[in-house]
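Residue numbers (this note's numbering), protein chains in the order written: chain H, 1 to 428; chain E, 429 to 712; chain L, 713 to 1103; chain F, 1104 to 1544.
Read the hints as simulated data drawn from the structure, not as lab findings. This structure is a prediction, so every number in the text was calculated from the model and none was measured. Worth double-checking, as some hints may not be accurate.
Taking lysine-lysine pairs in the DSS-like style, the calculated list, with each CA pair at most 30 Å apart, reads [stated by the list, open to error]: (1) K642/E / K405/H; (2) K1024/L / K33/H; (3) K32/H / K1025/L; (4) K418/H / K405/H; (5) K554/E / K1024/L; (6) K245/H / K380/H; (7) K1349/F / K405/H; (8) K175/H / K717/L; (9) K598/E / K97/H; (10) K111/H / K907/L; (11) K1037/L / K1024/L; (12) K107/H / K269/H; (13) K642/E / K839/L; (14) K235/H / K14/H; (15) K269/H / K1349/F; (16) K107/H / K554/E; (17) K107/H / K642/E; (18) K175/H / K1026/L; (19) K97/H / K877/L; (20) K269/H / K418/H; (21) K349/H / K12/H; (22) K638/E / K1037/L; (23) K598/E / K68/H; (24) K349/H / K269/H; (25) K97/H / K1026/L; (26) K638/E / K97/H; (27) K554/E / K97/H; (28) K350/H / K380/H; (29) K1025/L / K740/L; (30) K32/H / K743/L; (31) K349/H / K380/H; (32) K554/E / K68/H; (33) K380/H / K839/L.
From the structure, some residues in chain H lie toward chain F, with a derived Cβ separation under 8 Å [stated by the list, open to error]: (34) P155; (35) L372; (36) F388.
Cβ atoms here follow ideal geometry from the backbone N, Cα and C, with glycine treated the same way.
These are the residues of each chain, in order.
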Amino acid sequence: MDNVDKEPSMLKQKEMIGAHFDRLAEAPAQGKKVVYTFVPGNLTELLLSFDVLPVYPEINALQSAMRKRSGDFISEAERIGHSEDVCTYVKCDIGMKRSGNIGPTGKPIPKPDLLLLSYTGCFTFLKWFELLREEYDCPVVLLHTPYQADGEITPSMREYMVRQIRSEVIPALEKLTGRAYDEDRLRECLELSRQAEDDMVHVLESAQNRPSPIDAYFGGVFYIGPMFTAFRGTKAAVDYYAMLKQEVDARIARGEGPITPDGPMGPEKYRLVVEGPPNWTHFREFWRMFSEEGAVVVASTYTKVGGVFDFGFRHDPNDPLGTLADYCMGCYTNRSLPQRVEMLASYAKKFSADGILVNSVKSCNSFSAGQLVILREVEKRTGIAGGFIETDLVDARYFSAANVKNRIESYLQMIEQKRSGKTEEVRA
Amino acid sequence: MILTCGIDVGSSAVKAAIIKSHPGSGRAREGAELVATHVERIRRRDQRHVIRAVYDGVLEAAGLTESDIHYVATTGEGELVDFRTGHFYGMTAHARGALFLEPQTRAVLDVGALHARAISMDADSKVVGYRMTSQCASGSGQFLENIARYLGVTLEEVGALSLEGDRPEKVSGICAVLAETDVINMVSRGISLPNILRGIHESMANRLAKLVRKLELDDGIVLVTGGLANDIGLVHATRAALVEHGIDSRVETHPLSVAAGAIGSALWGGYRYERLSPDTKQAA
Amino acid sequence: MVDAKQTVTEIVARADALYHDLEFGAVKRWKETHPGGKVIGCLPTYAPRELAHAAGMLPVYLRGAGDQVEIIRGDAYFQSYICQLPRGMIELALSGRLDSFDGFLFPAICDVIRNLSGIWQLHFPDKLARYLDIPQNFDVEVGGRFYAEELRRLLTDFEQLSGQKVSDDALRHSIGVYNTHRRVIQNLMDLRSEKPWLVPADETYLVLRAGDVLPVEEHIEMIKQYLQSVVELERPMRDHSRVVVSGAFCEQPPLGLIRTLERAGCYIVWDDMTISARFIAGDVSTSGDPCVALARAFIEQGVESASVYSCKKKKGSELCETVRKAGAQGVIFAAPSFCDPALLDQPMLQTALDQESIPWTAFKYAENLGQFQVIREQAGTFSDSIRLWGA
Amino acid sequence: MRVFTGIDLGSTTTKAVMLDENGDILGRGITNSRSNYDLAAAIAKAEARTSARFVLLGRELATTEDAAALDRFLPRLQIELRRRQHLQRLEVLREICAEECQHPRVARIREELERRVDQIVSQLVAAEARPGPLAIITKEAKGSDFFRDRASSDYSRLAEKAADVEVGFDDLMSIFDKAIIRVENTELKEGFEELILQALLDLGSRFDETTLARYRAAVQRTLAIELIDGGVIGTGYGRQRLPFPKESIRSEILCHGLGAHHQFPNTRTVLDIGGQDTKAIQVDGVGIVTSFQMNDRCAAGCGRYLGYIADEMNLGLHELGPIALQSERTVKISSTCTVFAGAELRDHLSSGQRQEDILAGLHRAIILRAMSLLARSGGIDDEFTFTGGVANNPAAVKALRQLVQENYGDRVLNISPNSIYTGALGAALFCRRAAEDRAAA
Ligand SMILES: Nc1ncnc2c1ncn2[C@@H]1O[C@H](COP(=O)(O)OP(=O)(O)O)[C@@H](O)[C@H]1O
Ligand SMILES: Nc1ncnc2c1ncn2[C@@H]1O[C@H](COP(=O)(O)OP(=O)(O)O)[C@@H](O)[C@H]1O
Ligand code: SF4
Ligand code: SF4
Ligand code: SF4
């Protein structure tokens, strides 16, 4: 987005993230504690209340990919014995660690003082931190989020989580920082989260407009950035989302579509719902395959991995630990297949989509296993056209541009053909 | 004097070697001599038929007859050799053969028709580690062979042509078959033969380097064996790729590299022969 | 002697037939002799079969479709980069081979099995499809409590399915039966590490796999008889190396692969292929609240597994211990392609082995793999290097 | 006359279909895609023009001749036409082979090599020049065979006989391998006019002067018809490589869907197995694609697979199917990796399995992969149409029929003798439609 006009929110976001990495780089000198944790099911507010800095290995991995470094990192991990078959996020992170742990801004990322294995819905996270544990000599604390197998959160699940937070996570943070758990501080953070969440949902819902003022997948990953990482529960996030909301509302008022890496998008021709994470190694190229054809993504599930807010959940300052548990268990990755189908079908309707497209990534069993069934079910329930492409998160070897483009084009032409209903017979 | 014959039955070629060694020279087979080698591509012929032809060929080259041979050792698809005395597994044989050809060898890069493998070994040719390509044929000799066929050059020309390339064109696909399409596209975009071949070599070399990189190598030479050792373009690219991957071992090849497996198994045959009981010797 | 040989042949033939019968004739026969009895299919790795047993049901382990069934519809459900097992499961289900099953249990082991439970819920709404979360917290008061509650909830589902109320005594009885089962299996494993030439890998495997479908009491008898007879056989000891096979706890390698390993000169003295029956080491307590006892046993006596977060400081110490105890000379890592848990575990386990100078080799397989040459070469070289230079 | 052309640049073959103003098929052309897409498109298009002329000739003749006579005459004429083209190519082959023999690599055995290669080519020519229905010609007439495939299998058979210690089989084959590529990329010199007159001459002795005169007149009238290019639409794997504007390119999915619908209007499911990709497509009652699946980045189980097998067994592609049909016991084949196929094949051969049983297994393996894709795209609805080059293979069709029956029950299975042209046909239909739209606008 270098030669394209940037909106103020974009600049602000860049600045926020830059500042975070600066803080991280200075953490050891400043005596600040660093905690590694994951995006889905993160306890950012709790961490903030202890004044520790979070590092999200997935974010490092995806940033590495966008900077075209992931290939080297992955091959480094494969060199030390990791299989070609497994999740490339893990390999990218391990490889980055082995290559000096330099962050996206070129500054070093400090070693963790604690590994907070608070994760949601993916077994690979467990392995990931087992692997990191071997790399670093630091304590690990695990928060196990039970899966919503039957599409609900039972009292037993909630109790289990609260008990873990209370008897394991909090004591570990207390021990690390030497300060006592401050519930009031946590409540304040949760209140700030709630405010930002309101505005973010407003932005995501704006895609119901025609044309949609946002791209809820490619653009969406930028919008969720602050919310899913180090900024939830801060004033900065509240300001960012307020600003973003304003910009989006202004675009709606002007009847404008989303901003793409190549500037404002042309006329909106196709409205899609996308399931699955994006590819990061060819992010712009990938986006362009859609934007050039006039396809805009009006809703995606990937923007819900770090929390599902659009069905009403908000962090609740009145029940601090309970709300953290609910948040973790509610993340998209912790939802059962039937719930995911439900969600996609509701998006298709709510956002008047022309099609549902699955981007299946080789890395991620958690997302991918069952996506074909999801696709069929959503097609069946909504009657809109389904499409399927395969790429990977951060392994460029699995992004075959020609192949992906071919499928996307065929898919969009299919929607077009379906819509126009032109046929031999009709014309004859 | 013990005369042993090693036969390496591969998927694209059959290789044979006859070794003369002294009784009592143990595992090291100090003073062993290579008497003759013989190689034939299978090329759509019946394997058993080729095996026989190769055996006859190597005997003729050595000026020996079947009854002179004390032990026939096989490697590769050894089951097909019904006159074998014993069998040794591929990497054991290649490591041994490589050490014979080049005593400084500490790692072998065996690139054959369908597989590539990197083997690290100690000074005694004991295999200490290895990596292989997976169940996918991309980046193997067969792949190169197909491409050569497409491009209308013979295998013998491939190496020299590739060295002429100055702006190698990257092959993107992982799949050998899809890479063919890449190559077709290149031709139609007017990329020169040398640059295409060099691009392929570089991509293969990169894969090979990754295999080697996963081994923990001591000093010493990396010897390329197998059919593709003849391909100087690949050897050249492999050298560069290893350097790029931060491996400073010297990469060498030997005119008899292709027969390394056969030579190795013949040497092992000598060792085992001495350990056979007298009556098995009779039978052998 | 002749009798022993015949007994072994018969047992193995029966086990072989059970292994190959993907129409699940044994299950149908069980249903005939147990009118109204319910059958629950359990996916790998570990399922608390005691609960089903106590409810008068037949728990059957399901491990994909092996190498005999052609996968047609199964592939429609999974991309190429997902392991083979779930395709096999779908194929079995859609081809009607699982019709005689009344419910399915999907233990938490990996994302694939977890999502498979969702597919089941979507596709087979009239059958019980139960995902069983296992705790990744190993405090008896936290994770143990949660797991005991999960077990109780599962028991309620089983009671509903079978129409039988399960008393604590009944459950304790079932635990006792499975304790015996665990003990006879341990005896077989012991013999295997002592005299592997008496119990070839493929035979042991088949006999143990028979326990997937047989009622536990029958299986106990089968193993006992096999053990009794096999020690009487004169089976020659070969100049083989002794290895542990690790990583094959879920999707199973084809029988041909197991045979290939032994033919390439490796005695398998321990493996995790049938770990589900040995997931809990030793007896489960038969006193007190039985669900709590099962939960405790899982937390305190559960074996190291890729699907369970390892709270041990050093990953792999348990594997090194196993190698020592079984008197193995090396480890063969055999994992299903695309199996994240097994494959992500390996580097850590390998580091641990390296530190103890235990040689290892690794390869991947799929349950329907048909070609073994590469694996034979690899295992053969591994065995060669142990034998030609080994201590 | 305005004509509309669709070109399907496949990964292995390039096909062209030409429609007239009424949407009737005038001509078809096919060539190997090999190294040069532009050239391949040009050759396919030129072939389509030639065959269009032939169809037009038929129309002209129909004005003067009675139907029965035409039925006797036209097929013969076509055979002769093809024979002429074929002989022409053999002559090109001879020249290029001779050039290849000058390469320093073979200097050692040049003379002997030259002699034997020439002898082999002469034998090929002799076989072709013999009158009567030749295998090559009738096969080609079915729209399925290539000069390359046929020539290479015949050549290698003869080469095996001609080889000895002095001039090895490898030496002989390497000359051919190099030459054939150049042959394929050579546009034939003579056009339709010379060829057809030659062909008429060949048949001349069978007709009386007046009939011949009428025929010649018809040829002249045909040649007088101007074929005006009404547009070209490209599709297929290589479509991006064509110097076409974007609006002249259609996805091959849509083309196959529409083409199949045109051939069999009741089609609901389409399976296309091409050289490097397999597609399963669902279409609705008017030919609109509703869902589709393609194989992923791995080319396992596609048409090239059969190509490798044929090479491996030293057979022509068209021979595989008929041999496999003789099987009584299908061997189970596990790997569909194209490159590994050869190894697996040898494996089974050396373990004593019969060739036809292995081949049957290989065909089944391919179809099994396709079945998965079909299942993924939504199953097989009635009617089911099989398109793409592999549909020419009877063993593949048999395996498909069987598996469809086993898994979906009774389904009408449509296969057009021109199945390989389905994509190109779809493209041509789109082309004609676009022209109409332009006219309407
Ligand atoms: N001069 C050469 N240049 C390049 N490749 C060669 C040459 N000679 C042989 N090869 C390749 O070597 C391969 C055979 O190698 P080999 O080690 O014998 O394999 P295998 O043991 O599997 O038969 C063939 O695939 C062929 O492509
Ligand atoms: N006569 C034939 N018999 C059997 N297979 C054939 C025949 N002709 C073509 N094929 C198969 O068709 C494939 C080419 O099909 P096609 O649909 O043209 O593919 P693409 O469009 O990808 O080039 C070849 O790879 C070959 O396997
Ligand atoms: S498997 Fe998926 S959810 Fe799990 S760590 Fe990898 S990318 Fe993330
Ligand atoms: S990717 Fe290509 S080379 Fe690899 S298995 Fe598939 S077809 Fe074979
Ligand atoms: S084989 Fe591995 S990835 Fe597949 S279901 Fe089993 S544990 Fe999961």
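**Report entry** Hints breached by this structure
**Finding:** 1, 5, 6, 8, 10, 12, 13, 16, 19, 21, 22, 27, 29, 30, 32, 34
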